[in-house]
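Trainee: Here the protein sequences come in this chain order: W and U.
The first sequence lines up with residues 1 to 329 when you count with the working numbering.
The second sequence lines up with residues 1001 to 1329 when you count with the working numbering.
Read the hints as simulated data drawn from the structure, not as lab findings.
For every residue, glycine included, the Cβ atom is placed at its ideal position computed from N, Cα and C.
Heads up, a few of these hints could be off.
Subject to a maximum C-alpha distance of 25 Å in a straight line, what follows is the list of computed SDA-like cross-link-like pairs (lysine to any residue) [what the hints assert, rightly or not]:
1. W/Lys329 <-> U/Asn1156
2. U/Lys1030 <-> U/Gln1133
3. W/Lys329 <-> U/Arg1155
4. U/Lys1329 <-> W/Arg155
5. U/Lys1057 <-> U/Arg1034
6. W/Lys329 <-> U/Gly1327
7. W/Lys329 <-> U/Cys1136
8. U/Lys1329 <-> W/Asp154
9. U/Lys1329 <-> W/Asn156
10. U/Lys1329 <-> W/Gln103
What the simulated footprint calls covered on chain U by chain W, stretch by stretch (three residues with Cβ under 8 Å from a Cβ of chain W suffice, anywhere in the stretch; the number is not a length) [said to hold, decoys possible]:
11. 1076 to 1090
12. 1152 to 1162
13. 1167 to 1173
14. 1244 to 1256
15. 1259 to 1271
16. 1284 to 1296
Some, not all, of what chain W presents toward chain U, calculated at C-beta under 10 Å [stated by the list, open to error]:
17. Gly16
18. Leu151
19. Tyr158
20. Thr164
21. His170
22. Ile173
23. Cys182
24. Ile253
25. Asn260
The primary structure of each chain is shown beneath.
Protein chains: 2
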Amino acid sequence: MAERRTPGPVIGVDLGGTKLYAAVVGADGKIVARARKKTRAERGHEEVISRLIDCVKEVLQDAHLRAAEVPALCVGAPGPLDPENGIVISAPNLNWVNVPLKQILEDALGIRTFLDNDVNVGTYGEFKAGAGQGACNLVGIFIGTGIGGGLILDRNLYRGSNNTAGEIGHLVIQRGGPLCTCGNRGCLEAIAGRGGIVREIAFRTGRGAKTSLLERCANNLAEVRSKLLADAFAEQDPLVVQLVRDAIEAVGIAVGSLVNVLSPDTVVIGGGMVEAFGSWYVGAVAEVARQNAFPQCMANVRIVPAALGDDAGVLGAAFLAHEAITGRK
Amino acid sequence: MAERRTPGPVIGVDLGGTKLYAAVVGADGKIVARARKKTRAERGHEEVISRLIDCVKEVLQDAHLRAAEVPALCVGAPGPLDPENGIVISAPNLNWVNVPLKQILEDALGIRTFLDNDVNVGTYGEFKAGAGQGACNLVGIFIGTGIGGGLILDRNLYRGSNNTAGEIGHLVIQRGGPLCTCGNRGCLEAIAGRGGIVREIAFRTGRGAKTSLLERCANNLAEVRSKLLADAFAEQDPLVVQLVRDAIEAVGIAVGSLVNVLSPDTVVIGGGMVEAFGSWYVGAVAEVARQNAFPQCMANVRIVPAALGDDAGVLGAAFLAHEAITGRK
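For reference, chain W alone in the conformation it holds in the complex (with noise of 0.2 Å):
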């Protein structure tokens, strides 16, 4: 049953590999304060997690708060995770194995505290406040180096069995495709995700091809971000816009498929790359899309951008973080 109370303000916030976000939350469901860190993640999780605890205290003296008045702050962190006990199991990207993030931010704040996958937050972050309001069945695809995803199903954040439901960027679309960081091949994300472009760009080149983006990012690709990929494709060089049209059939053909396979209402596509090449490549996506799958399947289903871009992260995390406190929707 919902526990009929209304708790004050919670704290939402988003552990990243390359930026630690908090954001106080009102009950009306809008940002009250904001603070941000780099995270550092070369200097190891004990560091890390006290330079968070720093960003919490840090919005906490913003909005005026202390610990006391906030019941519950909920992190979106990198998966494998175990959110019933609150462990980090495995973050490459952090180098975490097995941190009980949960158990060591309540010891330090004295805040009850919630674990979730950072792209299941900023799913339900765009589900309740963003692009995705008013969906029943929801598909959300975050396309940066990597892909993410997230479910919601008859309204609830859907994890799965082993709490690792929505790996998206996993679907194998082209079967002895390219091979992706996963150690499978043709996976979506070695195909469209930021990292699948600029490796397919560094094989290219040093097999002899040319493109301005060497150029630009001063011969290190490694440093290219999705700004520059757009740039380079906004000037139409050949070879991205070559691979960034691929990209755009592969994911347009991975919604087809997960239209199919979930009859969602609407899919949800934000993320770094969306948000640099702009709204008219969900449009692209969609219209692949639409080609892939039943009519039936297809029909009403809204293929939308995001609309909340870093903030979907920190309000989801805060609406699960009320919703675990308070039973309610």
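With chain W's structure known, arrange chain U on it following the hints.
Mentor: Quick look at chain U alone, frame taken from chain W:
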């Protein structure tokens, strides 16, 4: 709220393209009586429904029951369909469009009637009484001429927003691959359904490839059933071995992708191809799937052959009928 009365026995019906099958299922979930008839789809929907009504009357008689003693009946029918209003929207293999099956059966039989997708009811049967018992999140895959699927998520049959969820045969796993009957390329069904395999054999033999299958089917590939393929495979016909191995790899890749996206605890694989080839087929699929999913997604996932054969549909339909009138699982 659940309605707390014990219903009498219910009837499950499987409306297939070639066969009608009705069963009376007791409150203990066991089949009490069965009746089967050929569908004769070519004679039109009125004739088919009249045969279906006769089939139900036969099974009632066989169980020594009057219609008034049976509180509900559920039909598993090819989709897409509208379960709320009990309408078969389109069933190409029956040549039906917008047939109000629920209303017609209720008028003729006086038994409250429910309608659901045939693969959904089969999956539900395996979940409640077959290989998927005890699962929380289950993917059902049925491989015959085509490939159908059903999803049980958080112990409920998941239908999706357009009631079309589970079209696992139309996951694209090989972009640009063989043409599928749906009009796209590289769908799982086009590679691993019996229809797709036989089309590829026709194509290759048309270009001079040899296979013992032509002799086995008296040069009529349209007549090739799963058993004939399994016989040719058992005798190591090189073309059949190559295509069946390729099909198994494709199913394994799709299962791996689905495990990554849905994090089920159980995958049940059945259908005519699995019945004809035997359970090693499912073991071979599982081996590929385990190489194609993240270890943390695949942890403790059971990949098992379906256990109920033809009974999955009538049993699943009966369980759904029972639950629809009692509100209980």
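Trainee: Would the stated hint for W/Cys182 survive a check requiring a Cβ distance to chain U of less than 10 Å?
Mentor: With Cβ-Cβ at 7 Å, under 10 Å, it holds.
Trainee: Does the CB of W/Leu151 sit less than 10 Å away from some CB of chain U?
Mentor: 8 Å, holds
Trainee: Min Cβ distance, W/Ile173 to chain U: is it shorter than 10 Å?
Mentor: 5 Å, holds
Trainee: Has the given pair, U/Lys1030 with U/Gln1133, been kept, meaning a C-alpha gap of at most 25 Å?
Mentor: With Cα atoms ~15 Å apart, U/Lys1030 and U/Gln1133 stay inside 25 Å; holds.
Trainee: Is the coverage entry for the region 1284 to 1296 of chain U by chain W consistent with the three-residue Cβ rule at 8 Å?
Mentor: holds (count 5)
Trainee: Compare the distance between the alpha carbons of W/Lys329 and U/Asn1156 with 25 Å, and conclude whether the hinted pair is satisfied.
Mentor: Distance ~20 Å between W/Lys329 and U/Asn1156 Cα, so the pair holds.
Trainee: Quick one, is the W/Tyr158 hint okay against chain U at 10 Å, beta carbons?
Mentor: Given a least distance of 7 Å, the restraint on W/Tyr158 holds.
Trainee: Do at least three Cβ atoms from the region 1259 to 1271 of chain U come closer than 8 Å to Cβ atoms of chain W?
Mentor: holds (count 6)
Trainee: With the threshold set at 25 Å, check whether the alpha-carbon distance from U/Lys1057 to U/Arg1034 stays at or below it.
Mentor: The hint holds at about 11 Å.
Trainee: Please verify whether U/Lys1329 and W/Arg155 have alpha carbons no more than 25 Å apart.
Mentor: Within the cut-off at roughly 21 Å; holds.
Trainee: Are there three or more residues in the region 1167 to 1173 of chain U whose C-beta lies within less than 8 Å of some C-beta in chain W?
Mentor: Since 6 is at least three, the answer is holds.
Trainee: Given the hint that U/Lys1329 pairs with W/Asn156, test it: the Cα-Cα distance must not exceed 25 Å.
Mentor: Distance of about 20 Å is within 25 Å: holds.
Checked against the numbered hints given earlier, the structure breaks hints 10 and 17 and satisfies all the rest.
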